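**Q** Going letter by letter, the sequence shown gives residues 6 to 130 in my numbering.
Source of the hints: derived by calculation from the structure; they are not laboratory data.
Treat the hints with care, as some may be off.
Quick list of in silico lysine-lysine cross-link-like pairs, DSS-like style, CA-CA up to 25 Å [said to hold, decoys possible]: (1) Lys70 with Lys80; (2) Lys70 with Lys124; (3) Lys80 with Lys104.
If you anchor each label on the Cβ, the simulated ranges turn out as follows [claimed, not checked]: (4) Val53 with Arg120: 44 to 52 Å; (5) Gln20 with Arg120: 25 to 33 Å; (6) Val86 with Cys10: 25 to 33 Å; (7) Val11 with Glu112: 45 to 53 Å; (8) Met45 with Lys70: 41 to 49 Å; (9) Glu97 with Arg121: 26 to 34 Å; (10) Ile78 with Arg102: 25 to 33 Å; (11) Gly85 with Leu21: 18 to 26 Å; (12) Asp71 with Ala116: 34 to 42 Å; (13) Glu97 with Pro12: 35 to 43 Å; (14) Val53 with Glu113: 33 to 41 Å.
Just so it is clear, the structure is predicted and the values come from calculations on it, not from any experiment.
Quick reminder that beta carbons are idealized off the backbone N, C-alpha and C, glycines included.
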Amino acid sequence: MCDACVPFADLTEDQLNDQIDRISATFVGLPLVVGAPMVMGPEYWLEVARHQVEVGVRICCEPIKDYRPGTSIDKDSAAGVWVYRDGVEGVEDPRDRIKRLAREQHEEYLAEVERRRGKKEGGRR
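Turn these sequences into a full structure, and let the hints steer you where they fit.
**A** See the structure below:
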């Protein structure tokens with residue numbers, strides 16, 4: 006246990022609820038997941054978070070972003086958003102990062118195929 010962590014027996018009700026809220030956000034507010042975690046309902050995820058606090062999980066570092074739940078059932082806002090605490094704008098959206106990484110991986114694959122073709126043709130001369 007790190008110095009910033011509080012043993013379960015010493016947690017105040019506010020500290021316990023804060024830990025539960027922080028941990029539950031890691032389930033309900035997953036990037037790129039729209040609605041799937043809500044199948045079980047938010048109460049389930051709060052109980053999972055409480056269980057994790059009881060078994061020793063603590064969030065003791067200062068987070069750099071917060072989850073803000075969705076405000077409607079519209080598909081574009083139902084999942085909520087992650088907001089950076091320092092107001093940083095322009096952080097790469099997870100969807101864009103996945104597309105970029107897939108594109109880079111495909112380009113690396115094609116480059117390796119070309120490299121191997123060049124080796125194979127070079128050996129036959």
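**Q** May I ask you to test the hint 25 to 33 Å on the CB atoms belonging to valine 86 and cysteine 10?
**A** 29 Å, holds
**Q** Below or equal to 25 Å on CA atoms is what counts here, so check lysine 70 against lysine 124.
**A** The given pair, whose Cα atoms are some 48 Å apart, is violated under the 25 Å limit.
**Q** Methionine 45 and lysine 70, beta-carbon distance inside 41 to 49 Å?
**A** For methionine 45 and lysine 70 the Cβ distance comes to about 24 Å; the hint is violated.
**Q** Please test the hint of 25 to 33 Å on the beta carbon pair from glutamine 20 and arginine 120.
**A** 56 Å, violated
**Q** CB of aspartate 71 to CB of alanine 116, is that within 34 to 42 Å?
**A** Cβ of aspartate 71 to Cβ of alanine 116: about 40 Å, so the range 34 to 42 Å holds.
**Q** Just to be careful, I want the Cα atoms of lysine 70 and lysine 80 compared with a cutoff of 25 Å; is the pair within it?
**A** Given that 25 Å is the threshold and the Cα spacing comes to 22 Å, the pair holds.
**Q** Kindly confirm whether 18 to 26 Å is satisfied by the beta carbon distance between glycine 85 and leucine 21.
**A** Holds, since glycine 85 and leucine 21 (Cβ atoms, about 23 Å apart) stay within the stated range.
**Q** Could you tell me whether the CB distance from isoleucine 78 to arginine 102 stays inside 25 to 33 Å?
**A** The hint (25 to 33 Å, Cβ to Cβ) holds, given that isoleucine 78 and arginine 102 are roughly 26 Å apart.
**Q** Taking the Cβ atom of valine 53 and the Cβ atom of glutamate 113, is their distance within the range 33 to 41 Å?
**A** 38 Å, holds
**Q** In this structure, is the beta-carbon distance linking valine 11 and glutamate 112 contained in 45 to 53 Å?
**A** Roughly 48 Å apart at Cβ, these two residues keep to the hinted range, so it holds.
**Q** Given a hint of 44 to 52 Å, does the C-beta separation of valine 53 and arginine 120 actually sit inside it?
**A** 47 Å, holds
**Q** Does the Cβ pair glutamate 97, arginine 121 satisfy 26 to 34 Å?
**A** 32 Å, holds
The structure fails to meet hints 2, 5, 8 from the earlier list, while all remaining hints are met.
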